[in-house]
Amino acid sequence: MEILFYIFGVVAIVAALSVVFQRTPVYSALSLIVVLAALAVIYLLLGAPFIAMVQVIVYAGAIMVLFVLVIMLLNAGHEGPSAHRAKFARWVGPPLLLAFLVEFGVIVWKQYGLTGAASAPALDASPAAIGRLLFKSYILPFEVTSILILVAVLGAVVLAKKQL
Amino acid sequence: MIPLSHILLLSVILFTLGAAGFIIRRNVITVFMCIELMLNAVNLAFIAFARRLPGLDGQLFVFFVIVVAAAEAAVGLAIIVALYRNRNSLAIDDVDSMKL
Amino acid sequence: MATFSDTEFFLIETVIKIALIMFILLTAIAYLTWLERKVIAHIQSRWGPYLVGPHGLLQPLADGLKFMFKEDIAPLEADPVVYWLAPFLAFLMAFLSIAVIPFGESFTLAGHVIQLQITDLNVGLLFVFAVTSLGVYSVALAGWSSNSKYPLLGGLRSSAQMISYEVSLSLGVIGVLMIAGTLSLREIVNQQAGLWAHAGLFSVLPRWNLFLQPLGFLIYFTAAIAETNRIPFDLPEGETELVAGFHTEYSSFKFAIFFMSEYANMVTVSAIATLLFFGGWLGPSFGPYWLRVILPVLWFCLKLFCFLFFYIWVRGTLPRFRYDQLMAFGWKFLLPLGLLNILVTSFVMAWLHS
Amino acid sequence: METLLLLMLLPPLAGAALNGIFGRRFSQGLVSAIGCGSAGLAAVFAILAALTSHLGPDSPPFVHSYFTWIEAGSFRADFALYYDRLTLIMTLVVTVIGFLIHMYSRGYMEHEGGYYRFFCYLNLFLFMMLVLVTAASYPVMFVGWEGVGLCSYVLIGFYFPKKSASDAGKKAFIVTRIGDAGFTVGAALLFWTFGSVNFPELFPRVAALGLGDQQRALTAACLLLFLGAVGKSAQLPLYVWLPDAMEGPTPVSALIHAATMVTAGVYMVARSNVLFVHAPEALKTVSAVGCITAFFAATIALCQNDLKRMLAYSTISQLGYMFAGCGVAVFSSGIFHLMTHACFKALLFLAAGSVMHAMSGELDMRIMGGLRRKLPITFWTFLVATLAISGVPGLAGFFSKDDILAAAYNGPLGAPWLYWLLTVTAGLTAFYMFRGLFMTFCGKSRVPHDLEHHVHESSSKMTVPLMILAVFSVVAGYVGIPKVLGGSEAFDRFLEPVFGGSQGLLAANGVVAQHPASDLVLMIGSLTAAGLGILIAYWFYLRSPEIPEGLATAFSGAYRTLVNKYYVDEFYNWLIVHPLVVGSRKFLWQFVDVGVVDGAVNGSAEATADVGQVLRRIQSGNIRSYAAWVLLGAVGWLGYLLLR
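Chains A, B, C and D supply the protein sequences, listed in that same order.
Per this note's numbering, the first sequence runs over residues -19 to 144.
Per this note's numbering, the second sequence runs over residues 119 to 218.
Per this note's numbering, the third sequence runs over residues 2 to 355.
Per this note's numbering, the fourth sequence runs over residues 102 to 745.
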């Protein structure tokens, strides 16, 4: 089973690289869907089947469809050369990213070691268990999120109207 | 079992790639997708910790992140569409002033 | 007989099951096309395929050969990767969901219990929905990558349509899920075993969820038709306005793959309907051991066939919706109805439990 | 009785409210009916109160508390009224003269703007003045005190579009304010020392003390109260506002700045006689200030060419007399003079107003003359008043002034120098009053031709009050005929219940005049002075008008000093106003406001702008750069966590 993690981990990384370095937004989007799917598999491996499914249904199945739709609608092609160049981001960005990666790696290594097993007793992550937690302890955040969704829907409708 | 550090490293790599995309890419939609990538990296870390602790709360956090991401995508994409309609451009560098 | 370890046995078992199911499914799909043509022909008072083989029974084979050997034409301006990827994505998504569908009980072979199902996921239904939702991409990307206006419109339409009806699709089954309390398809079927007790005249009826969730079933099945882009909801490929919708520019084998995916999807949603509302493989079971293994599969196939026939029947009978009617129907009728169903179900359940 | 007092107080207040709120829409007739009617009602009720009070020689003053006004800790101030014989006289003076001036104003203000406004203020003034004189505690008195100050301010500045008028109003307000501060502190000191500011409690407590007890506190409190009186009654050195107050309409000058308000200081000192006699040093200050003011103002009045200003200085001078009378602890003589003075000074002002009316607002005596024939009633009434103020025997002023002169020599705290100075002042008074009379009404007409034909006698609305006041100016003195002339000093005895205690205290402690002299001798002295003044005036201004000019040239320095009122205004300007203005401009405005306040505000704004100029480079609007900044922060924080 561990081997699956590494396989899908590598898939995720490669697809993420593709997300970043593809010049065509559609390829980026497709790569991102691959990342999401790979992560969903990893979630399954990590004992979160419900979240894995939600990830695919909501993220891959709904959110990314929106992205693809918008890309198709706006016919977003290759990136042209930028009129403004973000000099700061251009020159400082890459070394910063590298430093960030290294620093975080060191922190993870210091904190958890490289091979320490994430051992834990088996967890009941069934939809029923999640539902119980969600509708008991997390009922308020849940309701707040519903309102957030409602507001977002209204906002999207207003924004997408012909006359802004 | 999969070592926690490996999962976290995967998470960090994905996050860094997302950040890199944010900084490198010039297309608004791609940048937006890179944000989603970063969110997912964080989600992975949540799941990993939820497994280590153990507890379902981490998974619930991921659930909420996904929901919020959905809302964010709806509004964000609507903004992008409005933006494109007004400026006829998807280059993020063109969006550097509040006025049209 | 060599002895296998559990893992080896699992692998071998799974591979065999996958191969078997793939073969059966592909054949079934091929003959589904024949069936469709025949049934529609009879509905329309004509013969249908008749020349190739007896009663045109070899027609699917001929069609398959024709598709395989035709020249593969791709538009010049098409996006090469995505254009190529889209049909296979459709195929993949259509066949992935079969993996969690149980089609019979288990039997024992050489001391191993073999389930008549590729894998029993405890979130099986969610998996089906997840995969179905990914099916949108094939249509959308096919439409986009063709770089042609009719396919693009078809792709956009289908994306919107499939996302919209996916919601109703999920809401339709939630009533069943609430009654069952599980997402495992096998579990849901097992709960429908037996007849209705203490139901007077109705006690001859099987304990199918249909009788508890008629509204849920209607919603589910309506949404399922739309989800599979079938008439009367086949707007993405409506030939009167969009030539052939998203697959206008596809030819030969790629076209065949789209075609097969569509029928595979029909099979999938019909199977889910059977499992959730019609007791799956459950039915009269008798005779020796082998018969008791085979009979449930037969019952399952029979029920599935009824659904498929119904699909074809609908296609031969109903006219196509207009696009705005379609969206209005989905969002303003099916969705509220689904919510109402959930509300009523939950109230009744709460009342019964108290 | 308490109802009567209220009935006396309320009509003016109601009239002021009515006219103030609705007057704009009322006709002139209605406005004047309300104004004069309320004043008349007040006068009627004042008379009724006087008649029904039945204050016997030994009966205590009538006190009634209407409601609790302020209560804080042990401090308690009721809205209480106090009615004794002093109050009786004051209310009569205020209401009757006030009523007459109201009547007169009907005619005088006929053609002026703001008719309703004027009557509103006038009524309000009357109310406040009545509150002042009937108050049973210093706080309530202070209400009236400030109220009349306010009315005085608005009435002086009645013609506020005129800069000199609004300036005069402000000047009056600010200068009297200095005195008011003294009043307030004095009252607070009294509360601190004796635990009460209510007359019915305070006066007995002080009266119970022997002479010399609580000397310092009492002296300080009395001096502070007297400071208030100095401000209100225009004594040295705070008199400067009163001449300028002549900017107001003439009835206002008559009512407020001659007959009533300015006498509030005198009234207050007399009311506080119990306190003052326990502080002889303060009393001596009172008499000295009054005496010097009387002489000083009289000398200025000698050379004034503006009729009303001359009368204003005359008022200051006469107020000085009253203070001198009170200061020598013969309070009744001060009040007596207050009463008679109210009559003839009001008359003088009203007559001056009549002249002004005839002369189309002109008041310079140098272009008058010979108005006697054209304004007969005005002339005769003015003459009566002039005779009265000059102390010609048989008229009101003679009795009251003589009373004061006698007291200045023979009073318990009297001193010869007071008498002599006041006598000289009496002569000066006679001189300048007749100078005014002659220059205005006698001799040849110097009226410019374009005004000549316009000059006419005022209407009966104005002349009737003049005549009534003229009668008062004659007869008012007969209530206090001195013993030396065979009288019984009825007025003094009438006020015996009020002042008797104080005088008894002084007498008991042996405080008496050092060199008593015969009243008759003193009277002859004063008569001589007055006669001389009149004769010289006659000689200078009717017989040989060239002499004053000769004198003016001969003693040009002294003349200019007098014409310019001893340069006091200039001195104050130089000492206080100019430094204040310059200091405000240079320091407060140009340094503190422009430099510090504006500098801080502008500086912070500029600093913000400068910082913004630098920081705006970061605000490129480029979201990728922002992301890079965020990343920089994250890297920095992680680095800190690592190296910690």
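Keep in mind the hints are simulated off the structure, nothing from the lab.
Beta carbons are placed, not taken as given, at the ideal position from N, Cα and C, and that holds for glycine.
Misleading hints may appear alongside valid ones.
Said to hold, decoys possible - Just so you have them, the derived chain D footprint on chain B, three or more residues with Cβ under 8 angstroms:
hint, region
1, 133 to 141
2, 203 to 214
What the hints assert, rightly or not - Below, a list of computed lysine-lysine pairs in the BS3-like style, where the Cα atoms sit at most 30 angstroms apart:
hint, chain 1, residue 1, chain 2, residue 2
3, D, K263, D, K687
4, A, K141, C, K150
5, A, K141, C, K18
6, D, K545, D, K475
7, D, K475, D, K562
8, D, K562, D, K385
Please count how many residues of the region 133 to 141 of chain B have a CB within 8 angstroms of a CB from chain D and say whether that reaches 3. holds (count 3)
Decide if the proposed pair is consistent with the structure: A/K141 and C/K150, CA atoms, cutoff 30 angstroms inclusive. holds, 24 angstroms
Verify the proposed pairing of D/K545 with D/K475, using a straight-line Cα cut of 30 angstroms. Given that 30 angstroms is the threshold and the Cα spacing comes to 12 angstroms, the pair holds.
For the region 203 to 214 of chain B, count the residues whose Cβ lies under 8 angstroms from any Cβ of chain D; is that count three or more? It holds, with 4 qualifying residues against the three required.
Regarding the pair D/K475 and D/K562, is the alpha-carbon distance no greater than 30 angstroms? Cα-Cα ~17 angstroms, so holds.
Holds or violated: are the alpha carbons of D/K562 and D/K385 at most 30 angstroms from each other? Measuring from Cα to Cα gives roughly 45 angstroms; hence the hint is violated.
For the pair supplied as a hint, A/K141 and C/K18, confirm whether the alpha-carbon distance does not exceed 30 angstroms. violated, 52 angstroms
Does D/K687 lie within 30 angstroms of D/K263 when you go C-alpha to C-alpha? Cα-Cα ~28 angstroms, so holds.
This entry does not satisfy hints 5, 8, going by the numbered hints stated previously.
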